[in-house]
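Undergrad: These are the residues of each chain, in order.
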Amino acid sequence: MEVVNTALNVDLRDVRHSFGRTEVLHHIDMTASTGVTGLLGPNGAGKTTLLRILATVLKPKAGTVSLLGKDARNRHDLREIRRDIGYLPQQFGYYPNFTVFEFVEYFALLKEMDPGMVRPAVVQAIERVGLQSQARTKMKTLSGGMVRRVGIAQAIVNEPALLLLDEPTVGLDPEQRVLFRGLLRDMADHSTVFVSTHLVEDVATACNHVVVMGDGRIVYRGTPDELMTAGNETTDAAGDSAMERGYSAALASGRAVAS
Amino acid sequence: MNATSISFSRVSSGMIPSDLVRFGQLLLITLRRFGLWIPVAIVAIVGIAWTHYGIGTTSTSVVLWSDISIYIAISSAIVGTGCGVLMSFYAASRGRRNIDDLLDSAAMPGWKSDTLTFALAACVGVTVYSLVAGWNLLAASRVVSWGAPYWVILIAGLATTVAYSMLGTAIGMIWPHRLAPFLTLITVTLIFVATAAQPGWHGNTTVRDLSLWNVLLDQQDVYSPWYATRWTTNLLDCIWLAIAISAVSATVPLAWRHRERSLLIAAGVGLLTLLIPFAIVAGGLRPKTNQWTNMEHSILADIELVCSVGTANVEVCLHPAWESELDRATIMANDFITPVQGLTGVPTLIVQSPVRRGPGSGEAVDGMEARIHLDRYSHLEFAIPDAILSSIYPEGQSWTDAHNFLAQWLAERSGTYGPMHYSMGEVGPETPLSMTDIGEQHDSYDARIQSLVDRFNTLTPQQQRAWLEAHWDQLRDGSIDLDQLP
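Protein sequences appear in the order of chains D and U.
Numbering-wise (my numbering), the first sequence opens with residue 1 and increments by one.
Numbering-wise (my numbering), the second sequence opens with residue 1 and increments by one.
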């Protein structure tokens with residue numbers, strides 16, 4: 001019988017963050033258990049900042065961050081948390097002389113996986129992103145879409161309990177995008193996944209939950225179906241599809257509340 | 001079930017072997033994909049070429065382990081700088097890869113993954129220096145017949161190379177800019193300039209004593225095959241400075257980047273390691289050792305000289321390190337002595353001396369033995385006549401025309417160098433002062449001496465010998481008027 005993890009893997013309480021005097025996150029409260037959560041929002045909405053906080057790369061100025069049942073402020077817990085995190089940053093840098101295999105292996109080791117488990121895990125991760133034939137290819141010779149898939153492979157190599165993907169589908173061709181959505185659905189069975197994206201179809205097809213952010217606030221949370229329904233019910237919001245209209249409406253109402 | 005699993009995970013993650021295996025695997029990947037091995041090879045080739053040139057131009061046919069060891073060590077000025085520049089380029093470009101977020105989200109602490117870069121820097125430094133050292137030691141082992149390499153000198157060169165490599169890494173890590181290699185070049189050059197100027201030989205230690213270049217100053221009188229001395233405190237200072245630079249280079253950037261308390265403490269200890277002894281040295285608080293204090297106490301007692309007797313029954317004994325020159329030296333000495341064999345003051349034994357003397361001031365031990373001093377600069381064509389004439393001519397007497405005439409005539413006969421070779425500019429690095437002090441009118445003087453020699457050569461060997469026997473005492477004390485030549 002499959003065991004479904006229903007624990008709160010993400011629990012944010014009153015999280016705030018600013019860069020200098022510019023406040024980029026305002027009083028964020030959010031919880032999540034297993035499943036895929038799509039983060040939608042315009043540029044500068046705070047999606048990347050939120051994901052960086054969830055990835056423990058950035059410490060929030062205020063609020064509490066509990067990840068995988070542990071306090072991210074605690075030094076020892078932090079290391080435990082990081083062993084179970086997979087993260088694909090928006091700006092994905094890489095070492096150009098590394099092969100695909102070596103790059104994924106390198107990060108598997110940095111994630112402190114058991115050295116004996118690294119090799120099979122790397123092989124599996126590369127297969128899951130469809131790069132097995134490029135495993136011995138140097139990173140510097142890969143196309144942008146392939147580099148992105150390597151980024152996804154390194155993020156999932158440790159079978160993370162918390163997977164954070166910042167615009168993972170940028171540069172992927174339609175076929176790869178479909179494969180990627182399948183991968184997300186697989187991960188959703190046992191992981192808490194956050195996907196930041198501008199593409200509403202990614203959210204519609206692969207996410208269980210959707211969070212819309214605007215101006216550093218969460219302006220909408222629900223399921224993709226609920227967002228689509230909201231889009232169907234509105235006529236004056238911009239967008240070609242129901243979900244796009246729902247997204248636009250959510251942003252507009254958020255701005256109205258903020259002002 | 002969950003609690004048990006978490007507990008096990010914590011214990012196993014803290015196991016050192018697992019951490020070491022992981023670090024080793026990461027280092028292997030980093031080494032395999034360093035990407036700058038061709039420039040590294042070029043730096044090594046430049047180092048080999050420079051060392052080869054240095055040894056080749058300053059040695060005679062005899063090659064000593066001290067020469068090999070010193071030139072290998074000093075090559076660190078070139079290969080160390082090269083490694084530093086390469087590593088700063090690597091560290092700076094790595095810092096511009098936009099990969100910090102990814103690294104910061106990993107479980108392995110950031111300072112540990114940064115340590116990989118320093119481990120790589122050490123590997124690069126060791127590799128380049130080992131290539132230079134290995135090549136030269138291998139080549140030398142085929143021609144050097146006596147003794148063993150000076151390992152402490154070689155280690156000093158290694159430590160310096162690694163230190164420069166680490167320093168370059170630190171600069172590239174702190175300032176990941178395209179100009180970081182230039183900053184490294186400037187920094188290494190400043191260190192070099194601050195320590196490379198020739199230090200004084202006496203008194204207390206100074207900052208300048210921290211340089212490997214001091215080994216060059218010490219080489220003839222300390223790192224000689226005659227002495228047991230294998231290192232001086234100056235050399236140990238140099239190694240200490242290199243280790244301190246490496247420690248500071250590694251800890252300061254890590255502490256600066258990761259703000260870890262333990263790293264800050266380590267960096268502070270590293271800085272103190274560097275600064276306190278540096279202050280002691282810079283403040284001149286410790287008497288220095290030098291070649292003059294070293295050599296008297298450390299002459300090796302168990303050296304068995306190699307000897308050979310020539311046609312004029314003159315025996316030549318050399319240090320075994322010069323064995324390859326023994327036959328030539330014997331022939332040369334016997335040829336030189338043949339016309340004056342048996343006359344007063346003419347030596348029958350020529351023994352190599354460990355003590356470096358002022359040219360021409362050597363004493364005959366019992367009137368039959370001459371001392372010859374050979375070092376890395378000595379040519380037999382100069383040293384043999386100098387030793388024999390120093391024995392023939394009474395000690396402390398200034399040279400006259402008579403001395404120059406005899407020296408030139410004997411030299412021409414035996415194919416060695418006489419006073420006219422010096423006046424014509426054919427002087428070696430160790431030109432005997434007594435032979436160069438012949439006035440300003442070189443040309444006319446040379447012509448006069450040469451005409452005397454030519455005139456003397458018109459005589460038969462029997463006539464020459466008879467004349468020499470008749471005027472030998474006056475020739476020796478320089479009182480003869482050369483117009484009396486037959």
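Hints are computed from structural coordinates only; laboratory data are not their basis.
There could be a bad hint or two in this list.
Only some residues are given here: those of chain D computed to face chain U with a beta carbon under 8 angstroms [said to hold, decoys possible]:
#1 Pro89
#2 Tyr95
#3 Lys111
Pairs of lysine-lysine, DSS-like flavour, derived with a Cα cap of 25 angstroms [unchecked claim]:
#4 U:Lys112 <-> D:Lys59
#5 U:Lys112 <-> D:Lys70
#6 D:Lys59 <-> D:Lys70
C-beta: ideal position from N, C-alpha, C; glycine also.
Undergrad: Work down the list of hints and note, for each, if the structure agrees.
TA: A quick look at each hint next to the structure:
1. For D:Pro89, the interface hint holds, since its Cβ comes within 8 angstroms of a Cβ in chain U; the closest pair sits about 4 angstroms apart.
2. Hint on D:Tyr95 holds. Least Cβ distance to chain U is approximately 7 angstroms, under the 8 angstroms limit.
3. With a cut of 8 angstroms, the hint placing D:Lys111 at the interface with chain U holds, because the nearest CB-to-CB distance is about 5 angstroms.
4. For the given pair, U:Lys112 sits about 20 angstroms from D:Lys59 by alpha-carbon distance, which is consistent with the 25 angstroms threshold.
5. In summary, the hint linking U:Lys112 to D:Lys70 is supported, as the alpha carbons are separated by about 23 angstroms, within the 25 angstroms threshold.
6. Proposed proximity of D:Lys59 and D:Lys70 is supported: the alpha carbons are some 15 angstroms apart, at most 25 angstroms.
Violation of the numbered hints given earlier is absent; every hint is satisfied by the structure.
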